[in-house]
Amino acid sequence: MSEIAVRRLIEMFDAISSDIGAERDRLSELDGAIGDADHGITMAIGFSAVTSELARTDASSAELSSVMTAAASAFLNAVGASTGPLYATAFRRAAQALEGCDALDLGTCALLVQSIASGIRERGKGQRGDKTMLDVWLPAADAAAQAIAAGKPADAFWADVTAAAQNGANATRSMVATKGRAARLGERSLGHMDPGAASAVLIIGAMARTLR
Amino acid sequence: MQRFINNPDEVVEDTVKGFVKAHADIVRLGENPRVIVAKNAPVAGKVGVVTGGGSGHEPAFIGYTGRNMLDAVAVGELFSSPTAKSFHDAMREANGGEGVVCLYGNYAGDNMNVKMAVKLAAKEGIEIATVVANDDVCSAPPEEREKRRGVAGEIFMWKIGGAKAAAGAPLEEVRATAQKAIDNCRSIGVGLGPCTLPAVGHPNFRIEPGTMEVGIGHHGEPGLRVEALKTADEVAKDMCKIVLDDHGLPDGTEVAVLVSGLGATPLNELYILNDTIEREIRARGLKIYRTYVGNYFTSLEMVGATLTVMALDDELKALLDVEVRCTAVF
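Just so you know, the sequences run in chain order A and B.
When we follow UniProt numbering, the leftmost residue of the first sequence carries the number 1, and every step to the right adds one.
When we follow UniProt numbering, the leftmost residue of the second sequence carries the number 1, and every step to the right adds one.
Next up, chain A with everything else stripped away, as it sits in the complex (with noise of 0.2 Å):
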């Protein structure tokens, strides 16, 4: 069982660094815009540095926790700037939220969302509204709570996490940023989509194709 399950989560980072690699491009476009255009790189360099780590994953040894440790060493060591930290710290909450989960059942992929939202909180000291990829993170991560609560089946229960993350992203545009390199901006970067926001919704489509 626990086999299956982890072999799942490494193909979701397969998936996220795929989609992300593909749209490499467009996140340092989003970045140029109101950052310093490193953003999809950044992302990229992140997510094939904790492709290889798992690569060398035994499946059938390996539990979910220590996949999500595995993949938080990863991150850290290839990436700085803010998202090095970030997704550090949401995958190793990740990995003890998943402590002992041994399937990827829709509650433990709740619990799963709900983890990466609080650990990237808990890190960045941001709220939603920040113009920041938590304005993805947090609404998808009510938005699990909420399908479980509701009772519902996979496919509702991630197009509902992913709307919200959608919807979330698009809802920065119209944010005044406050953190980050953004910051500095402030009125300035009204109109533009936050690229850590651009990403976490590829992120979470990666998960919702995979983990479905």
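Among the clues, some could well be false.
[Said to hold, decoys possible] Pair ranges (Cβ atoms, derived):
hint: 1; chain 1: B; residue 1: Ala176; chain 2: A; residue 2: Thr178; range: 27 to 35 Å
hint: 2; chain 1: B; residue 1: Gly201; chain 2: A; residue 2: Asn170; range: 56 to 64 Å
hint: 3; chain 1: B; residue 1: Ala176; chain 2: A; residue 2: Arg7; range: 52 to 60 Å
Hints in this document: simulated from the structure, not taken from any laboratory.
Quick caveat: nothing in here was measured; it's all calculated off a predicted structure.
Cβ atoms here follow ideal geometry from the backbone N, Cα and C, with glycine treated the same way.
Mind docking chain B on chain A? Use the hints.
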């Protein structure tokens, strides 16, 4: 884009390799290839002094590695904070048993990576103190000084912190003195032309011909205002006014002045600016103890210049006078 690069994604690796080959008498590559270490580090019984930051600002940060200055420097991607691991490895390389002070600039990424590195070092029993530079006047109003970015004033912070550590001061004193140095610094940048990350291939901000960005940041962060390009004399007066109004120094204060190019401005233009800067500072009743003009802290091929003014007391003057052996002439 006409640049001397190989693979745009390997610009930092190639830079570091060439740097270490050129300066093997002063620095060595750390065990982590994203850490540059002073050849004499770690010095047993001395507080280690480290920094780190994104690449593309050469000679900062790596060029200030050396005796009596920085013991180790963490190297990030272009314009991007080093990893927590690189900061941590720099701390380890600098550790001579008396603790390590990490003197870095106020950017979201650096703050988070340093914080994680401090935790990792603490687990190994290395005591770390930190000072965050926030000398860039235009990046936030005076009442929110803690939000300001660190720019060329960081060089003074390294020089003072490095000299204090070299004199055998304990960790807390080194930290407090480096803090005093950066508290005494105010900086401003003026941009005339943008810069391009090689992996991106085009500038990520524009400065229209005939205009300048007053208060621009070290990565092209927008400044106070965009206005028509003026004569060097008028630009230098504006720079002095912004820096010195914010500083509010009493008459007779001695200062150190640092005029740095941002990468693509010829040295002669920096001297033209300094001619007026010197006059303006004296006209304010301040005394110039020492002036530095050159490419000390750049932003790839950005056209523009920065001015940093550090107020001095006897201690800071003495520490500023300590000779250093690093690749950036200082």
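Results of checking the hints against the structure:
{"no.": "1", "hint": "B:Ala176 <-> A:Thr178: 27 to 35 Å", "result": "31 Å, holds"}
{"no.": "2", "hint": "B:Gly201 <-> A:Asn170: 56 to 64 Å", "result": "28 Å, violated"}
{"no.": "3", "hint": "B:Ala176 <-> A:Arg7: 52 to 60 Å", "result": "54 Å, holds"}
Hint compliance for this structure: hint 2 alone is broken.
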